[in-house]
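*Asks:* Sequence:
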Amino acid sequence: MTEPGEPTGSTRRMPTVEPGGDEARTHAPDAPADARAPVPTLEQGDGRAGRFWSARRVPAALLALVLLGAAGLLLYDIAAVRADHPAMQWRRSLADGLAEQRLDDTPVLVGAGVAAAIGLWLILLALTPGLRDLLPMRRDRADIRAGLDRTAAALVLRDRAVEVSGVQSVRVRMGRRKAKVRALSHFRELDDVRTDLDAALENAVRELGLARPPALSVQVHRPAKKG
Numbered sequence: 273m274t275e276p277g278e279p280t281g282s283t284r285r286m287p288t289v290e291p292g293g294d295e296a297r298t299h300a301p302d303a304p305a306d307a308r309a310p311v312p313t314l315e316q317g318d319g320r321a322g323r324f325w326s327a328r329r330v331p332a333a334l335l336a337l338v339l340l341g342a343a344g345l346l347l348y349d350i351a352a353v354r355a356d357h358p359a360m361q362w363r364r365s366l367a368d369g370l371a372e373q374r375l376d377d378t379p380v381l382v383g384a385g386v387a388a389a390i391g392l393w394l395i396l397l398a399l400t401p402g403l404r405d406l407l408p409m410r411r412d413r414a415d416i417r418a419g420l421d422r423t424a425a426a427l428v429l430r431d432r433a434v435e436v437s438g439v440q441s442v443r444v445r446m447g448r449r450k451a452k453v454r455a456l457s458h459f460r461e462l463d464d465v466r467t468d469l470d471a472a473l474e475n476a477v478r479e480l481g482l483a484r485p486p487a488l489s490v491q492v493h494r495p496a497k498k499g
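Heads up, the sequence shown is in our numbering, so the first residue is 273 and it goes up one at a time.
Source of the hints: derived by calculation from the structure; they are not laboratory data.
The model shown is predicted, which means the values in this text are computed figures rather than measured ones.
Just so you know, even glycine gets a beta-carbon here, dropped at the ideal spot from N, CA and C.
Be aware that one or more of the hints could be misleading.
To be verified - Beta-carbon label-pair distances, calculated as ranges:
#, residue 1, residue 2, range
1, Ala367, Ala418, 54 to 64 Å
2, Pro401, Leu462, 37 to 47 Å
3, Val382, Leu403, 30 to 40 Å
Unchecked claim - With a Cα cut of at most 20 Å, we get these calculated EDC-like pairs of lysine to aspartate or glutamate:
#, residue 1, residue 2
4, Lys452, Asp405
5, Lys452, Asp468
6, Lys452, Glu479
Full structure from sequences and hints, please.
*Replies:* See below:
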């Protein structure tokens with residue numbers, strides 16, 4: 273049927289009802305075709321995020337190459353001995369040296385210390401995340417993780433600091449837990465400049481959106497007198 277104001281013979285699309293479940297679902301005809309589901313958010317909403325883990329491809333590749341070369345050389349020598357060929361000179365010398373060396377000799381102790389240090393280094397690489405220059409940001413979406421480079425964060429804090437009245441120059445050292453700010457002020461009282469710097473930098477740290485905002489250490493000095 274036609275409605276007032278519509279031309280004769282035109283039709284109007286009616287809503288469709290889709291069965292399924294206890295309640296029927298009605299689809300409006302004017303709903304956009306590309307409507308998407310809302311982005312899933314974290315239930316807790318606390319924004320906690322862990323550090324990013326490094327792939328450590330270079331140490332793993334170097335260790336794999338060393339082990340592969342050593343294992344291949346040893347297997348080749350063992351196969352040669354099984355085929356009634358003499359063992360390589362390096363293996364005979366190594367066996368004779370190990371038979372003659374005592375455990376408390378200096379070369380043995382040095383070699384054991386180097387091997388232990390390399391093993392501890394590899395264990396440390398396996399148990400620590402790495403990527404110390406990448407600061408994790410607050411995680412407000414369940415499927416999104418983001419990080420901010422420490423150099424970029426330091427530049428943001430420096431730009432905010434130089435906007436404070438009385439600040440001549442700023443140097444920022446950004447760490448994972450602490451940001452050290454050193455400013456030079458050529459006019460105004462140092463206490464007033466420090467108060468304004470604290471307020472501006474605290475606001476800047478909040479706007480960075482980091483999962484663990486660093487503590488601020490602000491120092492304000494006068495420029496060194498020339499001559």
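*Asks:* Run every hint past the structure and note whether it holds.
*Replies:* Against the structure, the hints:
no., hint, verdict
1, Ala367 - Ala418: 54 to 64 Å, "holds, 56 Å"
2, Pro401 - Leu462: 37 to 47 Å, "holds, 40 Å"
3, Val382 - Leu403: 30 to 40 Å, "holds, 33 Å"
4, Lys452 - Asp405, "holds, 16 Å"
5, Lys452 - Asp468, "holds, 16 Å"
6, Lys452 - Glu479, "holds, 18 Å"
Violation of the numbered hints given earlier is absent; every hint is satisfied by the structure.
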